[in-house]
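*Asks:* Sequence lines, in order, name chains A and B. Heads up, my numbering is the position in the first sequence plus 1272, with the first residue counted as 1. Heads up, my numbering is the position in the second sequence plus 46, with the first residue counted as 1.
It is worth saying that the hints were derived from the structure and are not from the lab. Heads up, a few of these hints could be off.
To be verified - What the simulated footprint calls covered on chain A by chain B, stretch by stretch (three residues with Cβ under 8 angstroms from a Cβ of chain B suffice, anywhere in the stretch; the number is not a length):
hint	segment
1	1294-1302
2	1305-1316
Unchecked claim - Lysine to any residue pairs mimicking SDA-like chemistry, simulated, CA-CA at most 25 angstroms apart:
hint	chain 1	residue 1	chain 2	residue 2
3	A	Lys1328	A	Asp1288
4	B	Lys88	A	Tyr1320
5	B	Lys88	A	Asp1298
6	B	Lys129	B	Thr144
7	B	Lys124	B	Gln110
8	B	Lys88	A	Gly1287
9	A	Lys1308	B	Met61
Cβ coordinates follow ideal geometry from the N, Cα and C atoms, glycine included.
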Amino acid sequence: GEDVEQSLFLSVREGDSSVINCTYTDSSSTYLYWYKQEPGAGLQLLTYIFSNMDMKQDQRLTVLLNKKDKHLSLRIADTQTGDSAIYFCADSINSYQKVTFGTGTKLQVIP
Amino acid sequence: EPEVTQTPSHQVTQMGQEVILRCVPISNHLYFYWYRQILGQKVEFLVSFYNNEISEKSEIFDDQFSVERPDGSNFTLKIRSTKLEDSAMYFCASREGTDTQYFGPGTRLTVL
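Same shape as in the complex, but just chain B (with noise of 0.2 angstroms):
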C-alpha cells in the first residue's frame, strides 16, 4: 500500500540554524499538508499546498517557515532560524482528489 514518507526520522539542531524536513507524498497525490505535534499537545495545522503554491496556512507559519515542491516527488518544509519552540514532531500529509489525508510517520526536530 503507497505510504507517506519522511526523512529524517529525528533531526537535532542548533538553536538559530536552518533545518530542512522532507517528505515524499503519495505518487498521484496533488493535495500537501505539513502539521506539528509539540510533545504532549495537539497536532495542529501549519500549511497546505496546491498547484505550487500556499492554499492556507496557520498563524504559527510565519515568515520563518516556507515550504516548497522543488521536484515531482519531494514535499519540503524549511524552518529558517530555528527557535526552542520549533521542537515538536511534524507531519507531514498528503491527499489525492477528495479523498482523506494520509499522514507521514513524522520527523522529530529537537533544536538546542
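If we strip away everything but chain A, and leave its shape as in the complex, we get (with noise of 0.2 angstroms):
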C-alpha cells in the first residue's frame, strides 16, 4: 500500500470494549492486517481480512472494514491487561508484495 494512518494512543479500563482506527490510501489493497507487538517483542499477526469482506470475527476480536472510505477498525471486547500492546494495521496489495505497516496505536489497559 501508499500510507496508513492510525492514531498513537488509546486508553481503556479493563473489561471495556477498545476500537483502533486506521486509514489507507491505497484502494489496490487486498489483505488488511492486524498485527500485536509487545513490549521487546515481535509481530504477531492477530487476524487480517480480504477487501471483499466488510466483518470478520474471532472470538474477542471483531473486524470491520469500509472500503469506500478506507477504513478498517479492530475492536477488542472484554479488554484484558495483557491485551496492553501496540496495535498495527497494515495492508498489502497481495500476499507476496511487501506489507505497508501504520504507526501503530499503543494500548494501555487500566485496571
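Assembly of the complex is requested from the two constituent chains, each provided in isolation within its own frame, with the hints serving as guidance.
*Replies:* Here you go:
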C-alpha cells in the first residue's frame, strides 16, 4: 500500500471494549492486517481481512472494513491487561508483495 | 506451531563494521522478507526474496545491504559498513504460497 495511518494512543478500562481505527490510501490493497507487538517482542499477526469482506470476527476480535472510506477498525471485546501492546494496522496489494505498516496504536489497559 | 526464528536477539556493533543478521524461516516457506523498525517509527519494508533472487527492494535497501540464502534453512541480511542510522529492530518474515507473511521476533541492532 501507499500510506497507512493510525492514532498513536488509546487508553481503556479493563473489561471495556477497545476500538482501534486505521485509514489507508491504496485502493488496490487486497489484504488488511492487524498485528500486535508486546514490549521487546516481535510482530504477532492477530487477524486479517480481505478487501471483499465487510467484517470478520474471531473470538474477542472484530474487524470492520469500510472499503469506500478506506477505513479499518479492530474491536477488542472485554479488554484485559494482557491486551496492552502496540497494535499495527497494515495492508498489502497481494500476499506476496510488501506489507505496509501504520505507525501503531499503543493500547493501555487500566485495571 | 512452526515459527520464524532470528539470531541474535541483540547485536551491538561499532560504526563501519559489517554485521550479518540471521533468520530461519518456516521450513516449507519459499518467500522471504526483511523489514526494519527504527525506534518509535513505522515498520518499513526492506527486501523480498524468492527463488534465490531479490523480488523487490525498497529505496532503503542500498548497496550496503545484501541478502543471501546460504543453505536450505537460513536467510541472512548483511550490512556491509554499518552507520548509526542503521540502529533498528530488524524483522525477518516468510510465506508459503498465497498465505500471509509470518514474522520472526526480530534482532535489535545497535550501532555505536
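*Asks:* Hints broken by the structure, by number, lowest first?
*Replies:* Per hint list: 1, 6, 8 and 9 violated.
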